[in-house]
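**Q** Residue numbers (my numbering), protein chains in the order written: chain A, 192 to 837; chain G, 617 to 718.
To be clear, the hints were calculated from the coordinates, so they are not data collected in a lab. Any given hint might turn out to be false.
[Stated by the list, open to error] Heads up, incomplete: computed chain G residues facing chain A, CB under 8 Å, no partners named:
no.: 1; residue: Ala655
no.: 2; residue: Pro662
no.: 3; residue: Phe678
no.: 4; residue: Leu686
These numbers come from a predicted model, not from an experiment. Every residue, glycine too, gets a C-beta built ideally from N, C-alpha and C.
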Amino acid sequence: MTTFDQARPLRQSMSWLHTWSGLTLGWLLFAVYVTGTLSYFRNEITFWMQPELHRAQVVAPERIAYDRALALLAREAPDAQQWTITLPGARNPTLGLSWQSPPAENRQPGAARERPANREGARGEEGARENRGRDRGAATRERPGADGEGARRENRERVQAATRERPSADGEESAIDDVEPLEATRQAEANPPQRQAGPQRQQQGGGGHRGPRLVLDPASGETLEGRATAGGNFLYRFHFELYGMDRIWGRWIVGIATMFMFVALVSGVIVHRRIFKDFFTFRPGKGKRSWLDGHNASSVLSLPFHLIITFSGLVLFGHMMMPTAFQSAYQGNFLAYREAMRARMPQSETPRPSGERAPLTDLAALVAAAQQTWGGKPVGSIAITLPGDRNAVVELRQMGFPSLTNGRNVPALRFNGVTGERLATPALPEPGAVQAIGSALNLLHRGFFATPVPRWLLFLSGVGGSLMIASGLLVWSVARARKTSGAARAPWGHRLVEVLNIASIAGLMVAIAVHFWANRLIPADWPARADWEIRAFFIAWAVTFVHAIARRPKAAWVEQLACAGGLSALLPLINAATGGLALPGSIGRGLGLLAGFDLCALAIGAGLLFAAYKVRRHAPPARFAASGDPATEPGAPLREAAEEAA
Amino acid sequence: MKTQGWLVSNPTVRHRIDVGLRTGLAAFGGYGLALLGAAALAAGLPFDFKPDAVSLAVMLGFLLHLTAVLWAFAAATLLRAALGLAVPAAFFGLWLLSLHYR
Numbered sequence: 192m193t194t195f196d197q198a199r200p201l202r203q204s205m206s207w208l209h210t211w212s213g214l215t216l217g218w219l220l221f222a223v224y225v226t227g228t229l230s231y232f233r234n235e236i237t238f239w240m241q242p243e244l245h246r247a248q249v250v251a252p253e254r255i256a257y258d259r260a261l262a263l264l265a266r267e268a269p270d271a272q273q274w275t276i277t278l279p280g281a282r283n284p285t286l287g288l289s290w291q292s293p294p295a296e297n298r299q300p301g302a303a304r305e306r307p308a309n310r311e312g313a314r315g316e317e318g319a320r321e322n323r324g325r326d327r328g329a330a331t332r333e334r335p336g337a338d339g340e341g342a343r344r345e346n347r348e349r350v351q352a353a354t355r356e357r358p359s360a361d362g363e364e365s366a367i368d369d370v371e372p373l374e375a376t377r378q379a380e381a382n383p384p385q386r387q388a389g390p391q392r393q394q395q396g397g398g399g400h401r402g403p404r405l406v407l408d409p410a411s412g413e414t415l416e417g418r419a420t421a422g423g424n425f426l427y428r429f430h431f432e433l434y435g436m437d438r439i440w441g442r443w444i445v446g447i448a449t450m451f452m453f454v455a456l457v458s459g460v461i462v463h464r465r466i467f468k469d470f471f472t473f474r475p476g477k478g479k480r481s482w483l484d485g486h487n488a489s490s491v492l493s494l495p496f497h498l499i500i501t502f503s504g505l506v507l508f509g510h511m512m513m514p515t516a517f518q519s520a521y522q523g524n525f526l527a528y529r530e531a532m533r534a535r536m537p538q539s540e541t542p543r544p545s546g547e548r549a550p551l552t553d554l555a556a557l558v559a560a561a562q563q564t565w566g567g568k569p570v571g572s573i574a575i576t577l578p579g580d581r582n583a584v585v586e587l588r589q590m591g592f593p594s595l596t597n598g599r600n601v602p603a604l605r606f607n608g609v610t611g612e613r614l615a616t617p618a619l620p621e622p623g624a625v626q627a628i629g630s631a632l633n634l635l636h637r638g639f640f641a642t643p644v645p646r647w648l649l650f651l652s653g654v655g656g657s658l659m660i661a662s663g664l665l666v667w668s669v670a671r672a673r674k675t676s677g678a679a680r681a682p683w684g685h686r687l688v689e690v691l692n693i694a695s696i697a698g699l700m701v702a703i704a705v706h707f708w709a710n711r712l713i714p715a716d717w718p719a720r721a722d723w724e725i726r727a728f729f730i731a732w733a734v735t736f737v738h739a740i741a742r743r744p745k746a747a748w749v750e751q752l753a754c755a756g757g758l759s760a761l762l763p764l765i766n767a768a769t770g771g772l773a774l775p776g777s778i779g780r781g782l783g784l785l786a787g788f789d790l791c792a793l794a795i796g797a798g799l800l801f802a803a804y805k806v807r808r809h810a811p812p813a814r815f816a817a818s819g820d821p822a823t824e825p826g827a828p829l830r831e832a833a834e835e836a837a
Numbered sequence: 617m618k619t620q621g622w623l624v625s626n627p628t629v630r631h632r633i634d635v636g637l638r639t640g641l642a643a644f645g646g647y648g649l650a651l652l653g654a655a656a657l658a659a660g661l662p663f664d665f666k667p668d669a670v671s672l673a674v675m676l677g678f679l680l681h682l683t684a685v686l687w688a689f690a691a692a693t694l695l696r697a698a699l700g701l702a703v704p705a706a707f708f709g710l711w712l713l714s715l716h717y718r
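Okay, chain A solo, but in the shape it has when bound (with noise of 0.2 Å):
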């Protein structure tokens, strides 16, 4: 076995580890780091996606039409269990309703715990999630297709489609579920109930799939129906779990993908003995060593943001990607480690049917007593169980998860729903210490912040790291490509990573920029609409890679930025030419969300074209004149890794 042994210094054996630890999947983790990163804003990019709710006007609080919403929901769903209202916030102006069904009576007692409105994630959904805990609990003694359940578990287990996915205004809707492991989902399934011919209400504006089923005007209380899109959520799915294939297929390459990017993080680091040095170098023109020095700077820049991104996307794997830990914990019975997490959570008194009616209390007072109680802080959503009885009871959420380390806990007022005097509310448990590193694990990844500020930051950081990942792999290109431009011809294996660089990166920029395009150009009442835009983005992507074959690399590369730089600076144009709200008048109205989207669009587009422009003007010197020891410049390691290897 020693026979084989070559002893290396350490830098030189990291810095080797580093380079093919990130080039192996650096593509891949590309798509994953920039559709994550767009992830961040998956609301207002749903938002943006459906013009039709752009009209919906920005009230106050106390101005918002409930009692229009209430008699809406008593139309629609008078025998329901429970009726949630989600306020409109700074992430979406428009009011949501969402149901949940009274209990089935085939459901044994017990089999899941029966909580009035669960506190643990967010707002909006909640009768959702809970009801799809339960449906879990349930899922083996559940007869398939028993009741309306059915059609609305097949509905939300088809995330692939997601189209009619609309998340709740804060998008911390199922903070555990969307990565929780498939096992459970997978015994709802094996067992495909029928699907019901559904009311009509299903296929619309939301519904569906957590989101709230029907969108009002917060002022006028009037209905607005979205299209159905895909919207932000395909690409933040792609981002964990790929798409067109089994979703433990697409997770498990993303997890693999994250441990390659654990390393190239960690050993990266290792070689770089000069890191603060290093960040404030930048000598641009001078080819593979500014690809260096920006490889350096975006590395180190926001290296807290990659190294805590990169590991709580694995622990969000743990059970997937660790499931020993369960299996040895609890033989593993997963739900029985649910089990012991759910019961940790507050529980409150269920309200039982008293058959008397009464009428409800008024929700405006109810939802200026909470904002006093909590200091102004604005109320998430309004969950009214047992409506109509005279044993309802609402509970209102603060909007966002407030708590860092208490992630699963968002505070919460319970008020008897007929008069409405104050309930006990159950008291938020302080959380572990490893409870609270978990929580903040998994809140930093999603982005769960009530104010926009973090978001932002954590959007930039994510930016930041996608150059990082695109100029490491010019640096592989760029440096070999110095060594045989005297040759005839580049070996074929540069050749590939070359036409991938192109395709991955400027491609890639070009099939999102279609994707919106798509949204737009896709008649609203089309056939599949969602599945479309979705189509058409791979299709451009798959046009890239053909493109990047065709031409020549300088070529594509300025023809693929360009195209995507237009692309993007035009999406404001296109949203207010297809019924959007334009940039001015989104400002105007303050809809900080669609300017955002807009002002991006062309921010980003700007950014490409540039890109472009520079590529096109690039003239690359015939020799780099070395200068100062070569083995004391930044990155030596990595190149002298890079000969090594090529």
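Given chain A, put chain G in place with the hints provided.
**A** Positioned in the frame of chain A, the structure of chain G alone reads:
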């Protein structure tokens, strides 16, 4: 052993085999160590609230894998690389066994 002589004398082939073995150690050995470590830690960490032990075991499992990968490539010889994985694996294995027969 003519073949072996060729393998040892040809530096390119020798390097490739070295790298291939280290990669295998890092990927499979490292992951195996992580799975074993996560199992032992989840069952053995003394937390009152069992899910805490599980969460921490998962986190430490990924860190174990990372460390194992770095070690597999950093160790001066292949033997040391392998021993560096085998010793902690034996430790976690014994811990798990002791928990089982307690």
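**Q** Taking the hints in turn, state whether each one holds.
**A** Structure-based check of each hint:
no., hint, in the structure
1, Ala655, "holds (4 Å)"
2, Pro662, "violated (12 Å)"
3, Phe678, "holds (5 Å)"
4, Leu686, "holds (6 Å)"
Checked against the numbered hints given earlier, this structure breaks only hint 2.
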